[in-house]
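Listed below, chain by chain, are the residues.
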Amino acid sequence: MPGFDLGTNKSCVLAGAAGTTDITVSKVVPSVVGYVKDGIVDGIITGNRRILFGEDAVASMLHIKLIAPLAEGVIAEPEAARDFLQHIRSLADPSGNAEIRAVVGIPANADEQARDDIRRSVQGIFDRILRIPEPFLAALGYRDDARVSQPNYIDPVVNSLFIDIGGDTSDLCLVQGCFPTPKDQISIPFAGDAIDQLMHEELNRTYPNNGLSRLKMREIKETHGYVGPSRKPLDVKVVMGGKTHTLELGDVIGRASNALIDKIYPALTTLIQRASSDSVVDLLQNIIVTGGGSQLKGIDTLLQKKLTDDGYESPKVRLAGQDYKRYVALGALKAARAARENQWQVLLN
Amino acid sequence: MKNNRRKRRGFFRKNKTPRIVRPSYGQRDPCSKKKSSGRAHAQLAPPNPLPSPLNDSSLLPLTFSLNSPREPLLTLYRRICMLEARGEFAAASQLADAQMGPVVDALKATHAITDLELQALIANEKERVTNASVLAELLLPSFTALLETARLAPKQARDSAHSADLAVHAEPQRHASASGQAPAEIADFIDEMLNQQRPPRTRSARAG
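Those protein sequence lines, which keep their order, are chains A and B. This note's numbering puts the first residue of the first sequence at 1, with every later residue one more than the last. This note's numbering puts the first residue of the second sequence at 1, with every later residue one more than the last.
Incorrect hints may appear among the rest.
Rough simulated footprint, nothing fancy, chain B against chain A, three-plus residues with beta-carbon under 8 Å [stated by the list, open to error]: (1) 173-186; (2) 339-345.
In silico negatives: residues of chain A with every beta carbon more than 10 Å from chain B [stated by the list, open to error]: (3) 19; (4) 36; (5) 65; (6) 67; (7) 99; (8) 119; (9) 130; (10) 133; (11) 157; (12) 305; (13) 313.
DEER-style ranges, computed between Cβ atoms [said to hold, decoys possible]: (14) 345/A x 79/B: 54 to 60 Å; (15) 140/B x 345/A: 33 to 39 Å; (16) 270/A x 136/B: 40 to 46 Å; (17) 187/B x 276/A: 52 to 58 Å; (18) 313/A x 142/B: 43 to 49 Å.
Just so you know, the hints here were simulated from the structure itself, not pulled from any lab data. Think of the CB as a built atom: it goes at the ideal place given N, C-alpha and C, for glycine as much as any other residue.
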């Protein structure tokens, strides 16, 4: 029984037998499919496979056509998506014989079309599915079940505000003891990929003809990304034209990353205003940043400082931590194990 | 205020077993030369003070320390009052008959307390219990409303999807609580999600 987070850039699958708390499969897979180009000599690709996935695809990108099956968290390339999902199923069930029920995390703003695309993509691959918005699954995955009954533990499912900064979208969600309604969620189409784009554009202005790809920008962002006051000098070694150069990228990175804060912060305060007055003080102590964007250095401190400066009562912004990649999938797995029989959607071939 | 029409009896029967005197407001203290208000005012006092013979029942130095020797008597009296407030007169009478005597005897033996002092103690405690009962009655509607809201909150969250108002999602009840609350059922959350996703016509048909 798998739970998985279908991300634009990275997907995570956790699986374990029904009726247990064991996790037998735990994998983070880049959301890419590679179709081997015609004419590639035998032996170049391991096992002479025709389709590669995840890290294998990225490693062989010279010899394959690389396709991202998802964009903005939803299906963009249906055929590639089916191949990718089949691969995910094989991770959860190598034998291919078990009945597989999967909970799939979907973006908070996924419309009916997007949801239907996911259903069609998994038809014939999974036997039953549940599609649940990712921010709620993140809260469920982040919840420490062992501490739920402790008196001082604030259950994130009972009262929290999650900020999930992914590749394509940044999703904010109020989770307050009931399933979030559309009013409790804000999805902003500005996230990691947009930062990469801004960095790329600014780098091209500062260092024309640098030849660096968006993928390289992402690597630089993941290594050096920060928000807040400018951190200079921030020297980054890159290879351009076969030669190593050291570029000072403090302002390039800072301006691009801070643009994210300019988008997120108004949405954050909007959701805080929507919380009931009885719950808001506790809520302010339970703001959690997750997703890849949680790795931006200083993001928790900056958001907390902005809230404090604006007069909010003792806000506390925390990072989800190094396990941020797993929380949505973990929440999906918990949901899969807890779902009642009549809640599953049966997929007819 | 409960109108106590029971026949007043002396505090002590012939066999010295104490009974409960319930002075109503305005009752004249037989030992007082002037009409008393029937109200006993408690003041903080040094440990183990013995009240002087009463001239005015409105002044009654008492201690309310948990370690006070009078505490067993007062606790017993409160229990009797609570039983009577719940209509359990038989149980109250049984408790008084069984335990009041020994408690009073023990108090008299160890602290040489007089009957008048005992009467004052009981009168004061009676007023405290009465005031607490009044306050509870005043707050009862608010507590009831809060408990009802909490009890109905999961059902209301589900029923909000069945509302005949197709244009507006009903505001779901929030269970926000700082700590110690029982873990919310994941399956219930999924139910709420599925209800939100159902078309309005399906929801209203289910409501009908």
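* To do: Go through the numbered hints given earlier and state which of them the structure violates, listing their numbers in rising order.
  => 9, 10, 11, 15, 17 and 18
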